[in-house]
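Protein sequence lines correspond, in order, to chains L, X and A. Once you know that position 288 of the first sequence is 287 in numbering that gives the first Met the number 0, the rest is easy, because the numbers rise by one and skip nothing. Once you know that position 246 of the second sequence is 245 in numbering that gives the first Met the number 0, the rest is easy, because the numbers rise by one and skip nothing. Once you know that position 445 of the third sequence is 444 in numbering that gives the first Met the number 0, the rest is easy, because the numbers rise by one and skip nothing.
No lab work stands behind these hints: they were computed from the structure. Treat the hints loosely; a few may be bogus.
[Claimed, not checked] List of simulated lysine to aspartate or glutamate pairs, EDC-like, C-alpha gap at most 20 angstroms:
hint : chain 1 : residue 1 : chain 2 : residue 2
1    : A       : LYS457    : A       : GLU590
2    : A       : LYS283    : X       : ASP422
3    : X       : LYS174    : A       : GLU15
4    : A       : LYS174    : L       : GLU46
5    : X       : LYS174    : X       : GLU494
6    : L       : LYS561    : L       : GLU583
7    : L       : LYS457    : L       : ASP444
8    : X       : LYS457    : X       : ASP600
9    : A       : LYS283    : A       : GLU594
10   : L       : LYS283    : L       : ASP424
11   : L       : LYS174    : L       : GLU192
12   : A       : LYS283    : A       : ASP452
13   : X       : LYS457    : X       : GLU590
14   : X       : LYS174    : X       : ASP163
15   : A       : LYS174    : A       : GLU494
16   : A       : LYS457    : A       : ASP600
17   : A       : LYS174    : L       : ASP424
18   : A       : LYS457    : A       : GLU583
19   : X       : LYS561    : X       : ASP452
20   : L       : LYS174    : X       : GLU15
21   : L       : LYS283    : A       : ASP422
22   : X       : LYS174    : A       : GLU11
23   : X       : LYS174    : A       : GLU46
As the structure is a computational prediction, the values presented were derived from the model and not from experiment.
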Amino acid sequence: MNRQLGVCYYPEHWPEEIWAEDARRMADTGIAWARIGEFAWSRMEPEPGRLDWGWLDRAIDTLHAAGVGVVLGTPTATPPRWMLDRHPDMLAVDAQGRPRGFGSRRHYCFSHAGYVQECRRIVTLMAERYGRHPGLVAWQTDNEYGCHDTTLSYSAAARAAFRDWLAQRYQSIDKLNRDWGNVFWSMDYASFEQIGLPNLTVTEPNPAHVMAFRRFSSDQVVRFNRAQTEVLRRHSDAPLVHNYMGRITEFDHWAVGADLDIASWDSYPLGFLSDRLEATPEHKAAYLRQGDPDMQAFHHDLYRGVGRGRWWVMEQQPGPVNWAPWNPAPLPGMARLWAWEAFAHGAEAVSYFRWRQAPMAQEQMHAGLLRPDSAPAPALAEAAQVAREIADMPEVDPARAPVALVFDYASAWAWEIQPQGADFDYFRLALAVYRGLRKAGLSVDIIAPGTADLSPWKLVFAPGLMTLPGALRQAIAAGQTTVVAGPRTNSKTEEFAIPVPLPPALPGLDVVVDRVESLPPGAQVPLAQGGAFAHWFEHLDGSAAVVQATADGRPAMVASGKLFYLAGWPDAAALGQMVRALCEGAGIATEDLPEGLRLRDTAGHRFAFNYAAHPVTWQGREIAPAGVAWWPR
Amino acid sequence: MNRQLGVCYYPEHWPEEIWAEDARRMADTGIAWARIGEFAWSRMEPEPGRLDWGWLDRAIDTLHAAGVGVVLGTPTATPPRWMLDRHPDMLAVDAQGRPRGFGSRRHYCFSHAGYVQECRRIVTLMAERYGRHPGLVAWQTDNEYGCHDTTLSYSAAARAAFRDWLAQRYQSIDKLNRDWGNVFWSMDYASFEQIGLPNLTVTEPNPAHVMAFRRFSSDQVVRFNRAQTEVLRRHSDAPLVHNYMGRITEFDHWAVGADLDIASWDSYPLGFLSDRLEATPEHKAAYLRQGDPDMQAFHHDLYRGVGRGRWWVMEQQPGPVNWAPWNPAPLPGMARLWAWEAFAHGAEAVSYFRWRQAPMAQEQMHAGLLRPDSAPAPALAEAAQVAREIADMPEVDPARAPVALVFDYASAWAWEIQPQGADFDYFRLALAVYRGLRKAGLSVDIIAPGTADLSPWKLVFAPGLMTLPGALRQAIAAGQTTVVAGPRTNSKTEEFAIPVPLPPALPGLDVVVDRVESLPPGAQVPLAQGGAFAHWFEHLDGSAAVVQATADGRPAMVASGKLFYLAGWPDAAALGQMVRALCEGAGIATEDLPEGLRLRDTAGHRFAFNYAAHPVTWQGREIAPAGVAWWPR
Amino acid sequence: MNRQLGVCYYPEHWPEEIWAEDARRMADTGIAWARIGEFAWSRMEPEPGRLDWGWLDRAIDTLHAAGVGVVLGTPTATPPRWMLDRHPDMLAVDAQGRPRGFGSRRHYCFSHAGYVQECRRIVTLMAERYGRHPGLVAWQTDNEYGCHDTTLSYSAAARAAFRDWLAQRYQSIDKLNRDWGNVFWSMDYASFEQIGLPNLTVTEPNPAHVMAFRRFSSDQVVRFNRAQTEVLRRHSDAPLVHNYMGRITEFDHWAVGADLDIASWDSYPLGFLSDRLEATPEHKAAYLRQGDPDMQAFHHDLYRGVGRGRWWVMEQQPGPVNWAPWNPAPLPGMARLWAWEAFAHGAEAVSYFRWRQAPMAQEQMHAGLLRPDSAPAPALAEAAQVAREIADMPEVDPARAPVALVFDYASAWAWEIQPQGADFDYFRLALAVYRGLRKAGLSVDIIAPGTADLSPWKLVFAPGLMTLPGALRQAIAAGQTTVVAGPRTNSKTEEFAIPVPLPPALPGLDVVVDRVESLPPGAQVPLAQGGAFAHWFEHLDGSAAVVQATADGRPAMVASGKLFYLAGWPDAAALGQMVRALCEGAGIATEDLPEGLRLRDTAGHRFAFNYAAHPVTWQGREIAPAGVAWWPR
Ligand SMILES: [Zn+2]
Ligand SMILES: [Zn+2]
Ligand SMILES: [Zn+2]
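Between the sequences and the hints, there should be enough to build the whole structure, so can you do that?
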């Protein structure tokens with residue numbers, strides 16, 4: 000495996016006089032390539048049809064001359080102002096009915112055919128011009144699909160496209176009425192033309208209606224991206240990448256990823272801890288300058304899956320960012336730790352965002368490797384250290400993990416549509432299970448719901464999976480792998496109805512969910528073997544063997560052979576004892592890691608990462624705060 | 000008194016093949032009638048003017064054949080999709096100016112004349128067809144008026160109707176300007192046509208303007224309902240019912256109820272505890288699976304009043320619901336306790352919602368008496384037990400309670416418009432007083448503000464009554480009953496002005512509210528006799544005798560003869576000692592009940608209900624959690 | 000210095016029969032003048048063009064005859080309803096795109112040329128009629144500019160005016176693109192006509208765009224006010240005043256004040272404590288009925304500066320108000336204390352709001368000096384006491400304070416646009432520093448950012464000043480005064496970019512902010528000399544002397560000569576020790592005041608004010624709660 004450092008660079012932001020010096024300093028730092036171009040449409044095409052490639056030609060050549068390649072971004076996340084004169088109706092519309100206007104970025108609706116055509120046009124021009132450039136490392140399509148809540152649009156364009164999508168999916172309006180249960184509140188439609196988008200209803204809309212809209216909206220992202228990949232493949236052999244943003248679940252990354260060669264994501268550990276993680280204040284305080292110890296690894300493992308083994312960090316936080324509610328500075332060493340953690344999880348490249356802090360516009364408070372005055376920012380030395388270290392390391396392949404976690408975007412939509420308990424969130428549940436596995440020292444693979452063969456893993460978790468796909472059902476039925484389903488697994492049909500026979504309806508497991516309870520904060524169901532259920536508890540009926548019970552004797556986990564069903568949302572203590580017990584049964588060794596320490600095994604090495612703000616001693620090794628250690632397995 | 004069980008049933012949701020079996024099982028359970036039809040307009044009239052009564056004929060006949068009657072709902076809460084093509088402007092508009100669209104229910108504006116006419120048409124057709132059917136037990140008009148905040152609409156139809164209403168009420172624009180005090184901020188109008196709805200103003204609109212809009216909006220509900228009752232009475236002798244929803248105060252239930260024969264309400268104790276009750280986290284945790292011990296009884300007593308003695312529970316929660324922030328399961332026994340509590344308060348019928356859990360659409364996570372697979376859900380056995388028990392009980396009449404509480408919807412509007420302290424809420428105040436009475440073991444009648452004769456009660460509370468109606472003033476002046484007014488009682492004219500002479504201006508009581516204070520959470524005014532005022536404190540002037548004082552010697556309650564005025568919002572401890580003292584003075588025996596226990600006296604029996612999650616012993620009797628006990632008085 | 004009492008009076012609210020008695024009672028109370036007229040447009044001009052001055056003539060004459068002068072308000076804050084028929088597009092539009100309608104007050108957009116012309120017309124008529132009236136004391140323009148968030152408007156009128164303003168400021172669109180850094184996300188414009196208002200963008204708009212809009216919006220207030228002052232000066236020699244509202248920072252009061260003769264503000268200590276002060280619950284509880292001990296003084300000192308020495312309290316809270324979340328009553332004595340505190344800070348007049356509590360409309364729960372029934376409210380006696388006391392006091396001039404604080408409206412906009420930490424607020428920072436100075440017993444002057452001469456003060460604080468103006472830079476460079484800059488001081492250019500060389504770039508101080516951290520609640524950076532930084536911490540580089548360090552040895556305050564730079568937001572303990580040390584260095588004596596006590600020095604006296612709810616003893620004097628004491632210096 001090839002390990003590289005990259006950096007995000009915006010030549011259009013800086014005087015051309017300093018480009019060569021920038022390139023030289025990049026090379027000196029050990030940076031292999033720069034991502035450029037992804038927000039520069041207004042400089043590529045200042046007026047409709049008037050193209051200006053000169054500056055970009057020179058920028059690419061300057062970098063290339065210094066030995067720095069380019070990852071070239073298509074600029075479609077930032078249509079220029081003139082685009083709106085050509086397509087006044089291209090804007091997305093929010094759920095309150097307000098157009099989301101020009102003046103920042105991502106101001107377009109995925110369903111607007113005219114804008115998709117404009118994207119094809121500019122991408123064609125770029126691909127023709129740069130598709131064979133020797134400095135070209137890869138293409139990035141657009142930027143952070145779905146960021147700023149942009150997947151869903153309630154525009155007229157989206158409504159028209161949704162009706163077409165529905166007509167294709169259901170073929171007859173009677174089928175749609177039946178599948179959605181529209182009889183329920185006299186919601187029957189006489190034609191597809193009567194169907195609106197599911198916003199601004201008096202009370203909640205039919206969840207089947209919303210689910211269809213969510214599937215449609217995800218499909219529109221896939222279509223939008225594919226319009227670009229089709230063009231790029233025609234003119235270039237460079238690999239295609241998109242940079243996903245952390246904890247964006249509004250579209251199916253597995254589906255977008257299928258059209259790309261490499262998955263990448265934008266890793267902002269401190270920003271994410273501040274703005275998108277459920278955690279106690281104590282947890283957030285303990286990891287204030289390090290980030291959550293499992294959030295990055297989760298995404299690394301997810302995108303390794305999405306990229307079918309090939310993945311990058313396209314944007315790596317180097318210092319304080321500008322966009323979280325609070326923006327502290329990383330502990331010294333974290334810019335190195337984060338990079339090494341990515342490599343340990345199999346990343347081929349880690350690219351810092353950004354080369355030099357921009358003194359202007361929206362992100363002027365976002366740190367770079369250089370300060371705005373071109374002096375080194377603290378992360379520059381850490382990046383250089385990583386570059387030296389990876390030069391010394393042998394290339395390795397990631398090891399297959401003993402444990403896998405199924406991650407499914409449709410389930411995220413389902414439980415957002417119908418949480419049933421206000422704090423039930425699919426990503427949160429998946430991350431909680433993942434965290435439980437990591438605390439036991441395990442490496443984890445994250446796999447798609449359509450996975451048909453579970454034999455590579457000894458133990459597979461599939462919590463909260465809305466619908467069990469046929470292939471996965473057969474893999475479970477094969478019975479070769481220990482599988483832990485539940486809670487809520489297989490509790491809905493694809494049309495968002497409760498299946499009859501009742502859930503979980505798992506092969507060979509005689510158990511039925513008789514009723515479910517969501518629990519407010521503070522309410523718990525203690526378990527006999529330790530820990531408790533919080534958030535969620537299911538009352539089970541059936542003859543399956545009870546392997547864990549509540550303190551008052553009700554089933555908490557049942558099993559048949561290698562198939563387990565979990566009747567609630569386990570807290571950390573419950574997960575701890577369950578993971579130990581299940582791993583023991585599956586023949587997997589576990590560790591009891593100190594707070595803040597995490598492990599990751601590659602084919603040849605075991606890596607340890609200390610996310611704590613204090614030194615941690617483990618198996619005789621003391622690891623400093625923000626410290627990384629590795630040794631042969 | 001006749002006691003019956005009912006159930007809510009939706010034949011249109013199920014294959015016709017299972018209707019007969021459903022009916023048989025209902026009868027076997029002891030269910031006397033099913034409420035049907037209230038959301039089925041799209042199946043009664045699939046296209047405008049094309050009526051399909053066949054399925055409904057057969058459903059009613061099938062139930063009737065099994066000995067199960069029907070309460071037939073008019074389907075006007077769910078106009079079909081085609082209705083919007085006929086009346087595109089029929090939608091309500093929210094306070095932000097957004098139409099509240101199709102896709103759920105209650106998508107209509109009460110003021111839209113065209114839609115009212117459509118309702119008259121469909122109700123006429125139903126009444127003509129089923130008005131004399133032998134299985135018909137009663138009619139339900141529409142469903143849960145005001146649910147989902149639907150009483151107020153800011154539509155063009157509402158604005159036009161409001162102007163007419165104002166013209167009728169004030170006759171001249173000068174009178175309106177004077178009555179509202181429009182001189183205040185140059186808000187004078189030159190004609191009724193200049194008056195808008197009181198939304199989207201820069202800062203708060205004139206409270207007199209809002210109060211008029213609130214009175215108008217309530218009147219529109221009365222008018223809407225009356226359009227249906229006029230039709231139904233022409234074609235049917237069955238009693239007319241509406242099912243009110245818990246803690247809906249946006250329209251005057253006394254006024255709607257005057258056009259009906261029976262009041263009913265929809266009782267969801269766990270949902271209400273979760274989503275519409277102010278309480279400490281400890282209180283909510285203690286009653287998580289039982290519901291608040293006073294919320295149901297309050298509504299029972301309220302609707303006994305609204306129904307002039309005749310009232311039902313139309314929808315009784317049988318298990319977890321789907322719509323509250325969190326949805327736990329009831330303790331075993333609660334589905335029985337809730338039913339018995341309703342009967343003890345005088346209900347003629349309790350109807351569980353719903354027969355079978357629907358696997359589709361919005362309420363698929365709402366439990367029924369049956370699971371979606373037709374297996375019994377836990378409440379089925381409890382319902383059957385209640386059926387057996389009521390068969391064994393003698394019929395009884397409810398007893399007149401010794402204490403009454405005045406409940407007035409206009410006051411709820413008034414203090415919502417002008418809380419003066421952010422947490423001052425009329426319903427909350429009324430429930431607090433009610434709870435204080437219940438904790439002393441008292442049965443309570445809830446009475447209308449227009450009540451002209453207080454002699455049936457020994458003690459009457461009238462807290463927070465915006466305006467004292469003339470009849471009630473005379474009843475107080477009569478001096479035969481101990482009356483406790485205040486805080487805020489009679490502090491506004493009907494036109495939302497401070498009356499001069501100043502409040503409370505009660506007959507024979509020389510006291511004036513010199514100034515008022517609202518108090519943030521944590522701020523209190525301790526009382527000399529125990530407890531404290533919270534939320535609200537009034538400085539009193541005058542010669543009336545001080546019967547309770549603050550710890551620093553200011554009047555807390557003054558009296559003259561049997562008339563008392565309370566100068567603040569008493570906390571639980573203050574209410575406890577005040578209720579004991581006042582009852583002693585009025586010759587009413589009180590009890591000191593353990594936490595969670597509540598009593599209710601009928602003509603012949605005393606009932607005890609244990610809302611606690613643990614056994615409670617009282618007067619030598621141990622009552623299990625969720626337990627009900629009764630014995631002859 | 001002349002000290003007077005005034006009162007706000009609305010003759011149009013009351014029967015003409017009682018005006019003379021009102022005037023007599025005012026005079027008896029010792030009230031020198033009444034402010035009238037500012038909301039009475041609908042009575043001055045009931046129909047467009049039909050003027051009715053009779054009542055106002057008689058009201059002014061009646062007051063004058065009793066020896067009570069008038070401050071005459073222009074009625075432009077409440078355009079009558081007919082104005083909207085003439086100018087339907089005159090309404091402001093909120094950031095969500097909704098017109099802010101008729102029905103309360105301040106329903107106009109500052110940028111609407113037609114409405115400005117109407118204002119000129121009515122003000123001309125008033126000025127011609129009353130400009131030489133012997134009873135005229137002063138003119139008030141409009142009322143509380145900016146109250147109810149009315150400075151910013153997103154109307155079509157505002158957009159058109161903004162484009163003109165931009166064209167004037169930048170002259171070329173290329174310059175605007177460069178100055179704003181529009182290259183950043185392809186935000187380049189081809190013409191001024193393409194620029195929209197910075198609302199409803201997908202994610203945050205360019206801060207330079209928002210900053211320009213904020214400067215423009217402030218300028219529009221200045222222009223609007225100037226349209227009136229130009230008219231008034233033409234017809235009257237009476238001084239011109241505006242009544243600013245507390246903690247309104249959306250427009251530049253220094254700029255509006257430059258066109259006026261006297262600054263005044265509306266002081267509602269209890270309302271402000273409840274609705275617009277960050278403080279712990281304990282602090283808010285301790286000062287519930289007194290108000291924050293520094294909030295009033297801060298505004299007194301600010302408006303003394305804005306008024307170039309001449310300032311009033313135009314509206315003084317006399318009892319509970321109606322508009323805060325909670326509205327308690329002042330402690331007995333506070334209506335006197337607040338007035339005396341204003342006089343001690345140099346006020347020429349304190350005017351109570353209002354004479355008699357209005358029983359109708361929006362403010363009916365707002366106390367006055369009289370109750371609605373004309374009986375005295377508690378504050379009347381306190382006002383009369385103040386009148387007697389000021390008659391006995393010698394006239395004095397305010398003393399120059401030893402310490403000054405720079406206050407800059409543009410900085411308030413800057414950190415609102417880009418807080419970087421969610422709780423970073425400029426006013427809060429300024430008030431925190433001010434509080435630290437006051438706790439040390441100091442009198443403070445508040446000065447404009449353009450101040451060119453710092454020699455009058457021994458010590459000047461300039462925290463959080465977005466951009467250091469040239470004059471102030473030169474004054475600092477002069478080095479005669481101890482100046483404390485930071486945090487964030489001079490960290491942006493006027494076009495909202497990070498300057499290079501990097502901040503703070505202060506004359507003679509070799510230090511650079513290497514990176515900044517915002518800190519969530521609870522996170523702190525402890526300091527070696529005591530206290531800690533919260534909210535904000537800057538990493539400093541450079542050779543400047545470290546005079547305060549963090550507990551782990553990083554620079555917390557650096558200095559060169561008399562210039563200090565503070566690297567964070569000090570908590571109360573840190574401010575305490577820093578103020579003591581800096582004052583010692585600057586030769587200023589400090590005190591260690593007990594909780595709740597505050598001092599203020601005039602030329603001849605030292606005043607002490609006890610804001611605590613209990614007696615306070617200091618230097619042998621016991622001061623009662625709400626007590627005021629003074630003695631010669
Ligand atoms: Zn990014
Ligand atoms: Zn219901
Ligand atoms: Zn005011």
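Hints and how they fare:
1. A/LYS457 / A/GLU590: Distance ~17 angstroms between A/LYS457 and A/GLU590 Cα, so the pair holds.
2. A/LYS283 / X/ASP422: Satisfied, since the Cα-Cα distance of roughly 17 angstroms is no more than 20 angstroms.
3. X/LYS174 / A/GLU15: holds, 19 angstroms
4. A/LYS174 / L/GLU46: holds, 18 angstroms
5. X/LYS174 / X/GLU494: holds, 11 angstroms
6. L/LYS561 / L/GLU583: holds, 13 angstroms
7. L/LYS457 / L/ASP444: With Cα atoms ~11 angstroms apart, L/LYS457 and L/ASP444 stay inside 20 angstroms; holds.
8. X/LYS457 / X/ASP600: holds, 16 angstroms
9. A/LYS283 / A/GLU594: holds, 13 angstroms
10. L/LYS283 / L/ASP424: holds, 19 angstroms
11. L/LYS174 / L/GLU192: holds, 15 angstroms
12. A/LYS283 / A/ASP452: violated, 38 angstroms
13. X/LYS457 / X/GLU590: Holds - the C-alpha atoms of X/GLU590 and X/LYS457 are around 17 angstroms apart, at most 20 angstroms.
14. X/LYS174 / X/ASP163: holds, 15 angstroms
15. A/LYS174 / A/GLU494: holds, 11 angstroms
16. A/LYS457 / A/ASP600: This hinted pair holds, its Cα atoms lying about 16 angstroms apart.
17. A/LYS174 / L/ASP424: Status violated; Cα separation ~48 angstroms.
18. A/LYS457 / A/GLU583: holds, 11 angstroms
19. X/LYS561 / X/ASP452: holds, 15 angstroms
20. L/LYS174 / X/GLU15: holds, 19 angstroms
21. L/LYS283 / A/ASP422: Roughly 17 angstroms between the alpha carbons, so the hint for L/LYS283 and A/ASP422 holds.
22. X/LYS174 / A/GLU11: holds, 16 angstroms
23. X/LYS174 / A/GLU46: Satisfied, since the Cα-Cα distance of roughly 18 angstroms is no more than 20 angstroms.
In this structure, the hints that do not hold are numbers 12, 17, in rising order.
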